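Colleague: Quick note, the sequences are listed as chains A and B, same order. Counting in our numbering, the first sequence runs from 166 upward without gaps. Counting in our numbering, the second sequence runs from 166 upward without gaps.
It cannot be assumed that every hint is accurate.
Since the list can't tell identical chains apart, any single copy or any two copies may satisfy a pair.
Here are the simulated lysine-lysine pairs, DSS-like style, with alpha carbons at most 25 Å apart [to be verified]:
#1 Lys-619 with Lys-603
#2 Lys-409 with Lys-323
#3 Lys-409 with Lys-291
#4 Lys-291 with Lys-323
#5 Lys-409 with Lys-388
#6 Lys-406 with Lys-291
#7 Lys-232 with Lys-171
#8 Lys-291 with Lys-388
Honestly, the hints are just simulated from the structure, not real lab data. Please read all numbers here as calculations on a predicted model, not as lab measurements.
2 protein chains.
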Amino acid sequence: MSNIEKWIERAESIVGSGNVLTAFEDIEFFSHDEYAMEEFACMPAAAVRPGSEEETAAIVRLCAEMKIPLTARGGGTGLSAGCVPAARGVVLSLNRLNGVVDADPDNHTITVQAGMALHDLYQHVKEMNLFFPPHPGDEGAFIGGAVAANAGGARAVKYGTVKRYVIGLQVVLADGRIANLGGKFIKSSSGYNLLDLMIGSEGTLGIITGVTISLLPPPGVSKTLVVPFADVAEAISVVPKILKADIMPCAVEFLEHSVIRCAERLLDRSWPARDGAASLMLILDGRNEDEVLGQAEDLAAIVEAGGALDMLLAEDDSRQADILELRSMLYEALRPGTVELFDICVPRSEIAGHIGFIHELEVRYGISLPTYGHAADGNVHTHSLRCRLDDGIIGGDLPGWQEMHEQVRQDLFADAVARGGVISGEHGIGLAKRDYLKAMSPAANLDLMIAVKKALDPDNILNPGKVVLV
Amino acid sequence: MSNIEKWIERAESIVGSGNVLTAFEDIEFFSHDEYAMEEFACMPAAAVRPGSEEETAAIVRLCAEMKIPLTARGGGTGLSAGCVPAARGVVLSLNRLNGVVDADPDNHTITVQAGMALHDLYQHVKEMNLFFPPHPGDEGAFIGGAVAANAGGARAVKYGTVKRYVIGLQVVLADGRIANLGGKFIKSSSGYNLLDLMIGSEGTLGIITGVTISLLPPPGVSKTLVVPFADVAEAISVVPKILKADIMPCAVEFLEHSVIRCAERLLDRSWPARDGAASLMLILDGRNEDEVLGQAEDLAAIVEAGGALDMLLAEDDSRQADILELRSMLYEALRPGTVELFDICVPRSEIAGHIGFIHELEVRYGISLPTYGHAADGNVHTHSLRCRLDDGIIGGDLPGWQEMHEQVRQDLFADAVARGGVISGEHGIGLAKRDYLKAMSPAANLDLMIAVKKALDPDNILNPGKVVLV
Numbered sequence: 166m167s168n169i170e171k172w173i174e175r176a177e178s179i180v181g182s183g184n185v186l187t188a189f190e191d192i193e194f195f196s197h198d199e200y201a202m203e204e205f206a207c208m209p210a211a212a213v214r215p216g217s218e219e220e221t222a223a224i225v226r227l228c229a230e231m232k233i234p235l236t237a238r239g240g241g242t243g244l245s246a247g248c249v250p251a252a253r254g255v256v257l258s259l260n261r262l263n264g265v266v267d268a269d270p271d272n273h274t275i276t277v278q279a280g281m282a283l284h285d286l287y288q289h290v291k292e293m294n295l296f297f298p299p300h301p302g303d304e305g306a307f308i309g310g311a312v313a314a315n316a317g318g319a320r321a322v323k324y325g326t327v328k329r330y331v332i333g334l335q336v337v338l339a340d341g342r343i344a345n346l347g348g349k350f351i352k353s354s355s356g357y358n359l360l361d362l363m364i365g366s367e368g369t370l371g372i373i374t375g376v377t378i379s380l381l382p383p384p385g386v387s388k389t390l391v392v393p394f395a396d397v398a399e400a401i402s403v404v405p406k407i408l409k410a411d412i413m414p415c416a417v418e419f420l421e422h423s424v425i426r427c428a429e430r431l432l433d434r435s436w437p438a439r440d441g442a443a444s445l446m447l448i449l450d451g452r453n454e455d456e457v458l459g460q461a462e463d464l465a466a467i468v469e470a471g472g473a474l475d476m477l478l479a480e481d482d483s484r485q486a487d488i489l490e491l492r493s494m495l496y497e498a499l500r501p502g503t504v505e506l507f508d509i510c511v512p513r514s515e516i517a518g519h520i521g522f523i524h525e526l527e528v529r530y531g532i533s534l535p536t537y538g539h540a541a542d543g544n545v546h547t548h549s550l551r552c553r554l555d556d557g558i559i560g561g562d563l564p565g566w567q568e569m570h571e572q573v574r575q576d577l578f579a580d581a582v583a584r585g586g587v588i589s590g591e592h593g594i595g596l597a598k599r600d601y602l603k604a605m606s607p608a609a610n611l612d613l614m615i616a617v618k619k620a621l622d623p624d625n626i627l628n629p630g631k632v633v634l635v
Numbered sequence: 166m167s168n169i170e171k172w173i174e175r176a177e178s179i180v181g182s183g184n185v186l187t188a189f190e191d192i193e194f195f196s197h198d199e200y201a202m203e204e205f206a207c208m209p210a211a212a213v214r215p216g217s218e219e220e221t222a223a224i225v226r227l228c229a230e231m232k233i234p235l236t237a238r239g240g241g242t243g244l245s246a247g248c249v250p251a252a253r254g255v256v257l258s259l260n261r262l263n264g265v266v267d268a269d270p271d272n273h274t275i276t277v278q279a280g281m282a283l284h285d286l287y288q289h290v291k292e293m294n295l296f297f298p299p300h301p302g303d304e305g306a307f308i309g310g311a312v313a314a315n316a317g318g319a320r321a322v323k324y325g326t327v328k329r330y331v332i333g334l335q336v337v338l339a340d341g342r343i344a345n346l347g348g349k350f351i352k353s354s355s356g357y358n359l360l361d362l363m364i365g366s367e368g369t370l371g372i373i374t375g376v377t378i379s380l381l382p383p384p385g386v387s388k389t390l391v392v393p394f395a396d397v398a399e400a401i402s403v404v405p406k407i408l409k410a411d412i413m414p415c416a417v418e419f420l421e422h423s424v425i426r427c428a429e430r431l432l433d434r435s436w437p438a439r440d441g442a443a444s445l446m447l448i449l450d451g452r453n454e455d456e457v458l459g460q461a462e463d464l465a466a467i468v469e470a471g472g473a474l475d476m477l478l479a480e481d482d483s484r485q486a487d488i489l490e491l492r493s494m495l496y497e498a499l500r501p502g503t504v505e506l507f508d509i510c511v512p513r514s515e516i517a518g519h520i521g522f523i524h525e526l527e528v529r530y531g532i533s534l535p536t537y538g539h540a541a542d543g544n545v546h547t548h549s550l551r552c553r554l555d556d557g558i559i560g561g562d563l564p565g566w567q568e569m570h571e572q573v574r575q576d577l578f579a580d581a582v583a584r585g586g587v588i589s590g591e592h593g594i595g596l597a598k599r600d601y602l603k604a605m606s607p608a609a610n611l612d613l614m615i616a617v618k619k620a621l622d623p624d625n626i627l628n629p630g631k632v633v634l635v
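All chains should be built: construct the whole structure from the sequences, respecting the hints.
Modeller: Structure follows, in structure tokens:
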């Protein structure tokens with residue numbers, strides 16, 4: 166009996182035979198996430214679906230004992246090959262751990278198992294009449310994965326990313342012990358901040374099985390505005406002025422009109438601004454209509470002085486929903502031609518320069534690099550395409566797109582780092598960006614990361630090969 | 166020549182002989198912080214004051230080479246014996262590293278050296294017409310120390326603690342290398358979150374030499390309100406209702422009137438509320454008068470329904486300043502009789518229960534345990550006194566106060582943990598709470614902390630003995 170056959174037998178005794186998958190058609194799904202390049206795909210030797218935290222811990226102990234690499238998997242919506250198994254490794258799917266552990270309206274907290282999909286989490290939170298602000302693009306993501314990647318989303322301007330809301334984690338450590346980090350308290354100076362160390366560690370330091378989230382009351386009123394400008398640089402130059410004026414929008418997205426054509430075709434809907442080449446899309450929220458309209462008035466004066474061609478306030482909820490859907494469908498619309506969706510984050514003052522550089526690359530290589538993103542965060546989404554994009558229509562594959570993609574990545578990442586930014590603002594490093602993180606990190610930073618990984622996972626069992634190679 | 170004599174000679178060659186202190190009168194100050202108990206005080210073998218980051222790194226390298234324990238020291242305002250040197254160890258004072266490195270209005274950031282006192286930092290930020298929300302009690306604290314303890318303060322309700330604003334750190338590692346963590350970008354999913362690991366690590370994982378802070382625009386208007394209640398339990402029961410109504414005050418403090426007498430005497434000023442036994446003090450802020458008055462109106466309805474005896478809005482800035490000063494002088498007023506100021510943090514719903522327990526202890530032991538704190542954060546400040554307190558007058562020492570203090574600590578910490586809280590919400594563990602942290606932490610958590618400490622400081626050079634004993 167091979168090592169893996171022995172592992173399967175013992176895993177079955179922990180979770181039941183129906184929850185250890187080995188047939189190709191059952192496990193192919195686990196060989197990749199949404200990252201499009203095939204180069205990082207890897208079939209697992211098996212996939213296991215524990216039904217409880219204790220079963221999860223028992224599986225980790227088994228892997229530790231037998232030195233079998235283990236990759237935790239949530240919704241599989243990642244964009245950096247972060248949940249792809251290691252060679253001869255197994256996948257641990259959290260999809261059966263999807264319940265509410267504790268809903269606590271007095272403390273404004275909810276504790277859920279890590280395998281709960283975001284759309285279910287939003288629903289539970291809504292039933293509590295509370296609000297979990299972060300909204301990464303794909304609601305099929307599991308909360309455990311969103312925490313493991315420190316996911317962001319458009320609302321981070323005012324509300325911050327996932328890590329601001331996670332106040333407690335249950336984590337299975339590399340030796341199979343269960344640790345509870347944080348809790349329902351909201352301030353702590355009691356020992357090392359292991360909670361925030363786990364957040365964003367992509368399953369390499371521990372397997373998140375439970376998440377306690379601090380919630381807010383929902384904003385009473387929220388309004389969506391679209392503000393067109395002659396060009397994207399002008400649009401972006403207005404953003405610091407908005408923030409300086411103490412208007413703290415929930416979201417400030419920039420979009421070039423040439424990019425939005427794709428989503429317009431897909432949804433058969435039109436972006437409200439026809440003039441100009443770029444728009445800012447802003448969401449203002451507040452306690453009541455007066456507060457939000459007061460912000461909108463101040464905003465109008467600022468954008469007008471900054472060269473806005475117009476300021477369109479979505480009159481009703483359905484028009485507001487249309488605009489948000491168009492924005493959120495940009496990724497889906499471009500996806501068929503997309504090799505990689507970048508999520509570079511630069512200091513706010515460097516966004517315009519970084520976008521200018523992207524346009525230079527388009528000219529230099531004769532390609533399209535559709536770009537949009539979170540203007541107030543400096544977080545820029547650029548699609549690397551395998552094909553040409555003409556007026557929103559995705560064409561056939563460009564010859565040599567693989568090499569082109571590799572070159573574009575290197576150029577973009579180098580520009581990000583040169584501007585004092587990072588190569589990932591919200592998607593994570595995974596396997597796809599690991600070698601770039603290494604190349605672009607000073608030795609001291611890299612050594613620190615490796616030291617932490619070795620300290621917490623000395624046998625390199627947990628999602629080996631992701632983030633840093635040890 | 167002894168080992169320490171050799172160290173002094175070599176340290177002098179790095180920083181100049183005037184910056185290595187060895188005379189008793191020069192170094193006695195470094196033997197303690199503001200923690201009152203003598204038991205943890207320890208004279209350093211020497212104190213060194215580097216004039217640059219490079220000199221700091223050279224001193225750390227020297228200590229690493231010679232295996233001399235090194236404790237970094239900021240303003241010395243800590244309350245947990247966190248910057249007290251180890252036996253035969255040396256102190257590294259950051260007080261010469263007190264400059265602005267970079268003020269960047271476009272990115273709303275300021276980068277300063279770690280030895281800048283908070284009052285200077287607030288001044289520089291004010292000159293930028295920006296706002297650094299955290300306000301720990303003592304403005305003599307250095308920013309590096311505030312980061313090392315993840316300091317909090319009253320404004321954390323709306324704005325969070327220091328860690329929310331720290332986006333970059335320069336840290337000298339245990340081997341003397343300088344690492345730059347984070348930067349001017351505000352989102353990152355690029356590798357392990359070493360930045361937040363350093364925050365709150367009390368100089369045991371690295372020595373912070375520089376801090377980059379993300380700033381906000383200042384609130385246009387802020388108003389202070391005092392709301393008296395019949396008793397403290399009633400006052401606290403109103404707090405969740407305020408938060409639930411999407412009134413997000415900057416601060417929500419609770420105070421018992423019996424406690425405030427001390428500060429009234431000291432300042433010869435009076436607390437505005439005479440009725441009832443306890444008050445909530447709230448600070449509301451917002452973009453303009455209308456926004457804040459709108460919040461105040463909603464607040465009035467809630468507190469009235471919750472049994473408030475009155476709601477007093479400070480009419481002008483000077484009355485507002487009076488109230489804030491009275492609140493902030495509570496610590497100073499009680500200090501002469503204080504053995505230890507606790508900063509327990511419990512889930513918000515447990516505050517009333519925890520305060521009830523404190524009152525039980527007062528009866529059980531026949532002592533006074535003046536208590537006030539951050540009601541919306543669950544962060545409770547209790548003074549353990551060596552003496553009786555009668556109507557605000559500090560009396561003579563109680564017989565057996567040392568044993569009493571030890572008993573009170575154990576009781577309070579056990580109650581905090583039983584309620585799902587932590588023993589320190591904002592002051593840190595230091596030496597004073599280390600053994601309690603150990604006793605109250607599950608083995609897995611303690612092992613994780615020790616593993617991290619050993620990974621980042623294998624020779625146990627950096628502030629040994631604090632937070633965890635390795």
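Colleague: Does each hint hold? Answer for all of them.
Modeller: Hint by hint, here is what the structure shows:
1. Both within a single protomer and between protomers do Lys-619 and Lys-603 lie at most 25 Å apart by alpha-carbon distance, with minima of 16 Å and 23 Å respectively.
2. For the homomeric pair Lys-409 and Lys-323, the shortest alpha-carbon distances inside one copy (13 Å) and between copies (19 Å) are both at most 25 Å.
3. Only between protomers do Lys-409 and Lys-291 lie at most 25 Å apart by alpha-carbon distance; the minimum there is 13 Å, versus 32 Å within a single protomer.
4. For the identical chains of this complex, Lys-291 and Lys-323 are neighbours both inside a copy (20 Å) and across copies (22 Å), given an alpha-carbon limit of 25 Å.
5. For the identical chains of this complex, Lys-409 and Lys-388 are neighbours both inside a copy (20 Å) and across copies (21 Å), given an alpha-carbon limit of 25 Å.
6. When the C-alpha separation of Lys-406 and Lys-291 is checked against a cutoff of 25 Å, the pair qualifies only between copies, where the shortest distance is 18 Å, while the shortest distance within a copy is 34 Å.
7. In this assembly of identical chains, the alpha carbons of Lys-232 and Lys-171 lie at most 25 Å apart only when taken from the same copy (12 Å versus 48 Å across copies).
8. When the C-alpha separation of Lys-291 and Lys-388 is checked against a cutoff of 25 Å, the pair qualifies only within one copy, where the shortest distance is 19 Å, while the shortest distance between copies is 32 Å.
Taken one by one, the earlier hints all hold for this structure without exception.
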